[in-house]
Amino acid sequence: MSSDLIIARDLARYFPLGGGLFTKPTAWVKAVDGVSFSVRKGESFGVVGESGCGKTTLGQMIVRLLEPTAGQVLFKGDDITHLNRRELSPFRQKIQIIFQDPYSSLDPRMTVTSIITEPLLAHGKPTKAHRRQVAADLMKKVGLRPDDQKKFPHEFSGGQRQRIGIARALCVRPELIVADEPVSALDVSIQAQVINLLGDLRDEFGLSYIFISHDISVVEHICDRIAVMYLGGIVEVAPTELFISDQRHPYSATLLAAVPRPDPNHRIQPAAMEGDVPSPIDPPPGCPFHPRCEHAFDRCRNEKPKLINVTDEHAVACFLNDGQGGVK
Amino acid sequence: MRRYLIKNITILILLLFIISLTVFAILFVLPGDPAQIILGINATPETLANLRAELGLDQPFWVQYGHWIGGLLTGHGSRSINYDMPVYDLIVSRLAVTGPLALMAIVFAVIISIPLGIYAAQHQNRPGDLIVMGFTQLGLATPEFWLGILLILIFAVKWRLFSAGGFPGWDVSFGGSLKALLLPAFALGVIRASIITRLTRSSMLEVLREDYIRTARAKGLKERTVVYVHGLKNALIPVLTILGLQLGQLLAGAIIIENVYYLPGLGRLVFQAIGQRDLPVVREIVVFMAAAVIIVNFFVDFTYAFIDPRFRKR
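First to last, the protein sequences are chains A and B. Just add 417 to the spot in the first sequence (first one is 1) and you have the numbering used here. Heads up: the second sequence at position 247 corresponds to 238 in the numbering used here, and the numbers run straight through without jumps.
Calculated from the structure, these hints are not laboratory results. We put the CB at the ideal spot given by N, CA and C, even for glycine. You may find that some hints are simply not true.
Okay, derived cross-link-like pairs now, EDC-like style, lysine to aspartate or glutamate, Cα gap no bigger than 16 Å in a straight line [what the hints assert, rightly or not]:
#1 A:K511 to A:D421
#2 A:K568 to B:D299
#3 A:K458 to A:D699
#4 A:K558 to A:E621
#5 A:K567 to B:E201
#6 A:K458 to A:D620
#7 A:K721 to A:D699
#8 B:K213 to A:E621
Rough simulated footprint, nothing fancy, chain B against chain A, three-plus residues with beta-carbon under 8 Å [what the hints assert, rightly or not]:
#9 443 to 456
#10 492 to 501
#11 514 to 526
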């Protein structure tokens, strides 16, 4: 417990649909519905899932860009769920986020130095020289030329811009970085560079990551543990190696089967799963995955499975094999 | 930056040339003989011909145009038929009223509209926003002369805080002149503030949804810094454009409001000149108005560079 850096307890976020000034919302989108997990110090925790499964909403709740509808976020044992802006300030320093789109997430009107060191302003009054120094150091760390300090975001390529975003996140020496699809907007060749950079920085600064991605091969490369999300909930959590060798949830198995392997003898199996993610406005009764699951039986259609530990490290939310999951 | 400047100044000069040519040409082909207007219908053909020669009206188009434009550039333009004084001096003296009036109106508009627009954007679709938007709708629908008369009724007739009209002149009473411009400037400003409020709101709404605003929040910045430094400065460009256009229009004379308040401004001058067929005055004021709009816009373009670094490197 003491080594847990951040704990999420039953986090949920509902978005209202319809409704105006005088009318009540007609429905709620349950983007995230009861998610619990913890991340240890120095650990990289991966969150994977399809588009719309609530990964980004989850990430933004962790850094408190979104207010959770229910549940708690604990940072080193402190409940930060309901802190106001001023109380939150010291935690903002400890928890930073890297965004998906390096093109739109940088203020076009600011120089790189300003962008990278602006967080310092929020937590003190740095001198200009100090800001320049910090920016130059960080730019070197993330593989940018410190000479480019005075340039503006539009003068950089996508990969470089993402490096600026990473430098910005590092500026206040955070302990946890939420990386929300940090490489999905980049070319594949650049993706590897940025992922390796993130790995190096983790070792150098002793960072922990919550790494959000739809790309399981990216996550398995950098993460110690992997959580699979489906329709606003976690369906399986396991250490990476165990997850690769012994995934228990049918959905995890399908995700993994869809990853191309650089092995000429490996044939991709025909898609084992059909249809789209059901609408989170009107989720199916029972297990949210049952309409697409080839192993579904009666219980799956009526009752929602809970995330149950199979071993100490491995948890799954599936009724197969008496709650042990497993499709092999 | 230098290339940007040179390019824009070239365009500016070209535009001014085209405008002067167009205005001159229109009034050149217009029926009506200035010599006849000056001398009256009883003039003999001989005296008419003499006056025409004196005024240079018998010369070909390009010579007349060159003469006129040369006069404008050296500050010795044509003379007003009615006032019998150089139009140039007339415009300058009237501008001493219209210029401050326009500036004050813009100041009023900015003071009212920018904070309201930001407030409305931050409270989108909540009661405060709806109230602000309701008032701007009202402002858009209100004719400025009506608002002018209403202000006179309240502040001049009922409360006797201001005079109902007239202008003492800057050298007679500075404070009195300023006071005389306050109500008309407010009437002009409030109407324009309606448009600017709406524009600021929609522009802010767009910017506040940008990813870099989310980034700014994630940095842990104060909400004020997020809204003003990252939000407002990025949202200001369309607002500046419209403000520039409005300032240009206001300089071109707030004809109606100057008439309501009996202000000796450009608007009233051109209004009277049209009525009295004082063509040199009309011609030169039209050129001046067009030039004012273009030059103000030139400076607006220029201020973009200060707000947005991306313009600077062009």
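Legend entry - Given coverage of the segment 514 to 526 of chain A by chain B, tested with a Cβ cutoff of 8 Å and a minimum of 3 residues: holds (count 9)
Legend entry - Distance restraint between K458 of chain A and D620 of chain A, which requires alpha-carbon spacing of 16 Å or less: With Cα atoms ~12 Å apart, K458 of chain A and D620 of chain A stay inside 16 Å; holds.
Legend entry - Distance restraint between K458 of chain A and D699 of chain A, which requires alpha-carbon spacing of 16 Å or less: violated, 37 Å
Legend entry - Proposed proximity, E621 of chain A with K558 of chain A (alpha carbon, max 16 Å): Distance ~10 Å between K558 of chain A and E621 of chain A Cα, so the pair holds.
Legend entry - Restraint check for K568 of chain A with D299 of chain B, where alpha carbons must lie at most 16 Å apart: It holds: about 13 Å lies between the C-alpha atoms, which stays within 16 Å.
Legend entry - Per-stretch coverage check for the segment 443 to 456 of chain A, three Cβ contacts closer than 8 Å to chain B: violated (count 0)
Inset, instruction - Starting from K721 of chain A, check that the Cα of D699 of chain A is at most 16 Å away, please. - result: At roughly 14 Å apart (the allowed maximum being 16 Å), D699 of chain A and K721 of chain A satisfy the hint.
Legend entry - 16 Å limit on alpha-carbon distance, applied to hinted pair K511 of chain A and D421 of chain A: Given that 16 Å is the threshold and the Cα spacing comes to 14 Å, the pair holds.
Legend entry - K567 of chain A paired with E201 of chain B [C-alpha distance capped at 16 Å]: violated, 23 Å
Inset, instruction - Verify the proposed pairing of K213 of chain B with E621 of chain A, using a straight-line Cα cut of 16 Å. - result: Distance of about 30 Å is beyond 16 Å: violated.
Inset, instruction - Would you check chain B against the segment 492 to 501 of chain A, counting CB to CB pairs closer than 8 Å, and say if three or more residues qualify? - result: It is violated, with 0 qualifying residues against the three required.
Hint compliance for this structure: hints 3, 5, 8, 9, 10 are not met, and every other hint is.
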